[in-house]
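**Student:** Use these hints to put chain B onto chain A, whose structure you have.
These protein sequences, in sequence, are chains A and B.
Heads up: the first sequence at position 174 corresponds to 174 in my numbering, and the numbers run straight through without jumps.
Heads up: the second sequence at position 101 corresponds to 101 in my numbering, and the numbers run straight through without jumps.
Label pairs and their calculated CB-CB ranges:
(1) A:LEU38 x B:THR60: 40 to 46 angstroms
(2) A:LEU99 x B:ARG45: 34 to 40 angstroms
(3) A:ALA144 x B:LEU63: 57 to 63 angstroms
(4) A:PHE152 x B:ARG45: 43 to 49 angstroms
No lab work stands behind these hints, which were simulated from the structure alone.
Yeah, the Cβ is synthetic: ideal placement off N, Cα and C, and Gly gets one too.
As a plain string of letters, each chain reads:
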Amino acid sequence: MEEISLKAQQIFSIGSFGVTNGLFLTLIASLILIIFSLYFKSKIKMIPGKLQGAVEMGAESLLNLMESTLGSMAAAEKYFPLIATIFIFILTSNLLGILPGVGSLSFGETPLLRSPAADLNFTLAFAVISVIVTNIIGMASVGAFKHLGKYFNFKGPIDFFIGMLELISEFAKIISLSFRLFGNVFAGEVLLTIIFFLAPYFIPLPFLFLEIFVGAIQAFIFAMITLVSISLHTAANEH
Amino acid sequence: MENELLFQLGINWKLFLSQAINFFILLVVLTFFVYKPLIKVIKERNQKIKTGLDKAEEATARLKEIDNIGKEKIKEAEQKGIEMIKETENRAKILDKENIEKLEKKQKEAQELLKKSILKQQEEAKNKVLTEAGELIKKVIIKTVELKPEAIDEALIKKAVLEVKDEK
Numbered sequence: 001m002e003e004i005s006l007k008a009q010q011i012f013s014i015g016s017f018g019v020t021n022g023l024f025l026t027l028i029a030s031l032i033l034i035i036f037s038l039y040f041k042s043k044i045k046m047i048p049g050k051l052q053g054a055v056e057m058g059a060e061s062l063l064n065l066m067e068s069t070l071g072s073m074a075a076a077e078k079y080f081p082l083i084a085t086i087f088i089f090i091l092t093s094n095l096l097g098i099l100p101g102v103g104s105l106s107f108g109e110t111p112l113l114r115s116p117a118a119d120l121n122f123t124l125a126f127a128v129i130s131v132i133v134t135n136i137i138g139m140a141s142v143g144a145f146k147h148l149g150k151y152f153n154f155k156g157p158i159d160f161f162i163g164m165l166e167l168i169s170e171f172a173k174i175i176s177l178s179f180r181l182f183g184n185v186f187a188g189e190v191l192l193t194i195i196f197f198l199a200p201y202f203i204p205l206p207f208l209f210l211e212i213f214v215g216a217i218q219a220f221i222f223a224m225i226t227l228v229s230i231s232l233h234t235a236a237n238e239h
Numbered sequence: 001m002e003n004e005l006l007f008q009l010g011i012n013w014k015l016f017l018s019q020a021i022n023f024f025i026l027l028v029v030l031t032f033f034v035y036k037p038l039i040k041v042i043k044e045r046n047q048k049i050k051t052g053l054d055k056a057e058e059a060t061a062r063l064k065e066i067d068n069i070g071k072e073k074i075k076e077a078e079q080k081g082i083e084m085i086k087e088t089e090n091r092a093k094i095l096d097k098e099n100i101e102k103l104e105k106k107q108k109e110a111q112e113l114l115k116k117s118i119l120k121q122q123e124e125a126k127n128k129v130l131t132e133a134g135e136l137i138k139k140v141i142i143k144t145v146e147l148k149p150e151a152i153d154e155a156l157i158k159k160a161v162l163e164v165k166d167e168k
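Chain A on its own, in the form it takes in the complex (with noise of 0.2 angstroms):
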C-alpha cells in the first residue's frame, strides 16, 4: 500500500521553487479552465449552441441564487465572477482529482498528481482570498470606517467583546473554510487509496460516484459561504 502524505510531495523544482504534485495538478486545472474559457469566447454566440446553452443555464442559476441571496440582479452581477471562479476552479480541481491516476502515476518515487484541494496551500488560499475580499467589498459598500467599526467597536464594553467576537470569527472562517475542504478531499482520497487497496473492481465504484458527489457539494458550499459574508458585510449598513 502506499504511503499517505498528509502534504503535498515536491515533484521537481525550478531554482528555489519547489513545484508540489498538488500544485502540478492546480496549474493543469487552471489551464484546461484558461483554454476551455479562450476556445468559449470564440463561440459565444446570439444564438446559443449546446455549450453556450448548458454554460448559460449554469450561469443563469447560479445568478439567480445569487440574487436571492443578495436582493438585488446589480449586485448579484457585479460580484458573480468571484462566486463562480470559486466554485468552478474548486469543482474542476475536485473533479480532476477523482480522475484515475491521480495518486497512482509516479514521478520517481512520489506520486505525479495529486488532488490540488488535498494541499491545504490550496484552500488556505482560497478562504484567505475569500474573507480578504469578502472585508474589501464589504468596506468598499459601506464605508471602511463602518465596516472596520464592526470589529473595533468601543461604544461599551459589550459591543466591544461582540466586535472581537466578529473579528475572531473572521480568522475562525480561514481555518474553518480551508480545513473543511482539504478535510473532505483528503479523506476522500485517503478513502479511495484504501478502497482500492482492498479490493480494485467494482467495489471501489460507489465511492467514486460519492467522491464526485462531495467533491461538487464542497465546491458549492465554499462559493456558497464566501456569497453569505459578502451578503453579511454588504448588507450591513440596513440595520
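**Tutor:** Frame of chain A; chain B shown alone:
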C-alpha cells in the same frame, strides 16, 4: 513550534502565494473571456426578446385598431351609398313629375294649335268654296243670260255647267 505545525501540514508561503496568484489569474481570465461576454449576450438576448414581444403586442393592437377603422369606414360608405340612392330617387321623382307636367302642357298646347289650324283651314276652305261657288254661280248666270231665257231648263243648265267646267 508553530513552524513545525505548519511544516507538518505542508504549508509553505511560496506554494500558498502561487496558489493565490493562480486563482487571481483564473479569476481575471474567466471574467473577461466567459462571464462578461456571456452576461452581455444573455442581457442582449433578453432585451431582444422583450422588444420583440412588445412589438408583437403593439402590432396586434394596431391590427385591431385598423380592423375597427375599416369596419367603420365600410359602414359609413354603406350609409352614404344608401343616402345617395335615396336622394337620387327623390330627385328623379321630382324631375318625373315636372317632366310629366311639362309634357302634358305641351301636349295641350299642341292639341290647341292643331285645333286652331284645323279650324283655320276649314274656314279658309269654306271661304274658298264660297268664293268659287259665287263665281261659278255668277258665270252660270252670265251664261244663262247669254242663252235664250226661254230655254231655261235643266238640260241647258247642265250643259252650261258642263261648259263652264270644260272652260275651266
